[in-house]
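Asker: As a plain string of letters, each chain reads:
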Amino acid sequence: MQILEMVRKTEFLGREFLLWLWYKSEVEEGIFDLGEKGKAELWLEGKIMLQSETEKGVEIITCEGETSDMKEARFALAEGKEIRQAAVKLAIGDNRWSFVLDAGWMNLRSFKSPRVMNDSNGDPDGFFYERAYLIEEALAAMDQIYAAFMDRRLSPEWETKDRGIIGQWMRQGRDRP
Amino acid sequence: MGLIQGAASVTRYMTETPLPHDFMAGLPEAIGRFAFRNLDESSIDERSAGWVNILDMFDNRFAGMEFLKEPYVALSLRIDERKIPPTALKQYSREAEESVKAEENLTFLSKSHRADIKEAVRLRLLKRAIPVARIYDMIWNLNTGMVIFGSTSARVCDEFLERFLHTFTIELQAVCPYTLGERHLDKAGAPRHLLDGLVPSRFLEGL
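From first to last, the protein sequence lines stand for chains A and B.
Under the numbering used here, the residue at position 156 of the first sequence is numbered 156, and the numbers go up by one with no gaps.
Under the numbering used here, the residue at position 127 of the second sequence is numbered 1127, and the numbers go up by one with no gaps.
The shape of chain B in the complex, shown without the other chains (with noise of 0.2 Å):
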């Protein structure tokens, strides 16, 4: 469930420069590029990825250009992933070396001969895998800057960041206690060095 629908983790990220005066027009094409597919249930891919309607998640051609919600650009990233329990790899390819052992009358099997095997059985197990679709919302506020992405996972933090950098060309900045502090500074007029001095505070010495 992503942030809009409920409960979710919060990453923020503000947008480093100014968006370009075409930005506006462009947006459909380039969050089209790079919207959602689903995966073939014929193919072997494991992974899918792309933006989906923060409203509906099975809405990828955004018709009505949902994405624009004033003064908002608003998508959620959809993941797709199919995987086999590995258990069940386990023992699928421990079956199928048996079988190859008695058709080919052998008693022993190299280890690049069973690594194929097993391979050939993840091909075969991974058309039969359903895909587990995980969602992670994003609010982009034009007028401030600020991005909030529906996650603190390193890694589908990572995702996001260079899916949004595709999309959009645009650098995110991640916020962080001192980036926090500089705005802060910045809208104060007060100057930025000001944090650079500052070292941890020693609460319990000298008491």
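Looking at chain A on its own, in the form it has when it is part of the complex (with noise of 0.2 Å):
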């Protein structure tokens, strides 16, 4: 398969990623396990893309807040939308990390990562390996969590009891005061 038609038609993978850790974060507490590594927390907070096609056409909404909450896109969610880019925050021990995680190609816009000092009299190598070890813990943690994801998506439990469990949370959307 060619990456652009593998990307394509495996795109709702990377949407129901999305979908998952929303849920995870809101009704979970968003805390996964990252073996050796310890505990990562996730959540989403900020902007939000939400999307859907119909044969009238491609129809996109932003919604963006601080409320964890989320009223607006847990409606659009409700009606039938699926989430294009989610802000995340991320945090393992005391970093933290916040970006922009793309469902199509699991990009990361706006990625940062914690704070290095820049010493310019010091080891400029030093601060190197500090920023470059800093993106990787980040990737490697996410990179966790979607092997996480896939493990629950390639069960039978997925489709006998996750996908209802989240469907009826995707409604409540609808109904929330």
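Certain hints may be false.
Stated by the list, open to error - Partner residues aside, some chain B positions facing chain A, computed with beta carbon under 7 Å:
1. T1011
2. L1142
3. T1152
4. V1156
5. C1176
6. L1180
7. G1181
8. P1200
9. S1201
10. F1203
To be verified - Distance condition first, Cα-Cα at most 27 Å in a straight line; then the derived DSS-like pairs of lysine-lysine:
11. B:K1101 with A:K37
12. B:K1187 with A:K9
13. A:K39 with B:K1187
The hints are simulated quantities; they were obtained by calculation from the structure and are not laboratory data.
No residue lacks a Cβ here, since even glycine has one placed at the ideal position from N, Cα and C.
Hints given; two lone chains; assemble the complex.
Answerer: Here it is as structure tokens:
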């Protein structure tokens, strides 16, 4: 399969991953086990972009806000719109990252790592290694969380249990005050 | 500002083939061949692109093999472009057209004549335009094969892929939900074809 065809055919996995992250962060506190690395906390905060495709064309809505309930976005989700991008916060120990995760290519836009002091008189390579470590740490954590999603997605429980539970949570977005 | 110095967007790739045995020995020459070259002030080149030191955008010589930070190969793709503001081009072209009409005692200029004047003005202004430099960092972990590139722009990513291939003669595969899933199944020792049977979940159906 060519890469563009592969991306197009399996883009739903990225969208379902974002939905699963949203559900896990809102209902199950968003704590993920990273094995030796400890635990990661992940939550959606800020911008979220949803999209639906109908015979009339593509409809996109973007919701921005600091509140955790994201009422408008939840309503759009209940109406059948799918997540394309979401602003994500990730915490491991004392370190915090923020980025916008894209469902199509799993790109990370506006990626911000914890601050590293750049001491120009010191060892510039030390600065590089610290930054590279922090970038790789966040990406490795996201890969592990994605692997946990894939395990669940490929298990029989996805169809018999998770799909219905997430669906009910989505539906609740329509009835919220 | 690049990925290493501050906030940036991230696209990831994987190397598709193992490194050739003489890979390290050939690195300085390969990178040097595709290193950044400054735009000559007297030239009319609009664009120049190439590798620079990830910690110093003005270093394109890599005298101390600064690209090698084991286990990484770390570089920045620097792209300098000279651009003429469209409004300025339009205004100066109009001024030049009026001069030509006055000098040659014409009341009307043909379309092709106006196009020639516009091109001459564009070349003249290009020499006065200051190039704008943009930097995109690349971190390639030789142990894992993962390449992290500091942009999500399709145009810039395409240019990066092409330059990477020319420099290292290694093809990159973009990371996407499917390839990430494949990697996970490979690590878990599970067959890849499990992914092929997946279809989108209908979350709101049957509720």
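Asker: For each hint, tell me whether it holds in the structure or not.
Answerer: Comparing the hints with the structure gives:
Annotation: T1011 (chain B) was flagged as interfacial toward chain A, and the flag holds, the nearest CB pair being 5 Å apart, inside 7 Å. With a cut of 7 Å, the hint placing L1142 (chain B) at the interface with chain A is violated, because the nearest CB-to-CB distance is about 12 Å. Look at T1152 (chain B): its Cβ gets to within about 5 Å of chain A, closer than 7 Å, so that hint holds up. The closest approach between the C-beta of V1156 (chain B) and any C-beta of chain A is roughly 12 Å, which is over the 7 Å cut-off, so the hint fails.
Satisfaction of the interface hint for C1176 (chain B) is found here, the shortest Cβ-Cβ separation to chain A being roughly 5 Å, below the 7 Å cut-off. Of the supplied interface hints, the one on L1180 (chain B) holds, with its beta-carbon coming within about 6 Å of a beta-carbon of chain A, less than 7 Å. Taking 7 Å as the C-beta cut-off, the interface hint given for G1181 (chain B) holds, the closest approach to chain A being about 5 Å. Here the hint on P1200 (chain B) is kept, as its CB sits about 4 Å from the closest CB of chain A, short of 7 Å.
Look at S1201 (chain B): its Cβ gets to within about 5 Å of chain A, closer than 7 Å, so that hint holds up. Contact between F1203 (chain B) and chain A, as hinted, is supported at the beta carbon level, the nearest pair being about 4 Å apart and thus within 7 Å. Straight-line distance between C-alpha atoms of K1101 (chain B) and K37 (chain A) comes to about 75 Å, which puts the hinted pair past the 27 Å bound. For the suggested pair K1187 (chain B) and K9 (chain A), the alpha carbons sit about 23 Å apart, so the restraint of at most 27 Å is met.
Distance restraint check for K39 (chain A) and K1187 (chain B): the Cα-Cα separation of roughly 21 Å lies within the 27 Å cut-off, and the hinted pair is therefore satisfied.
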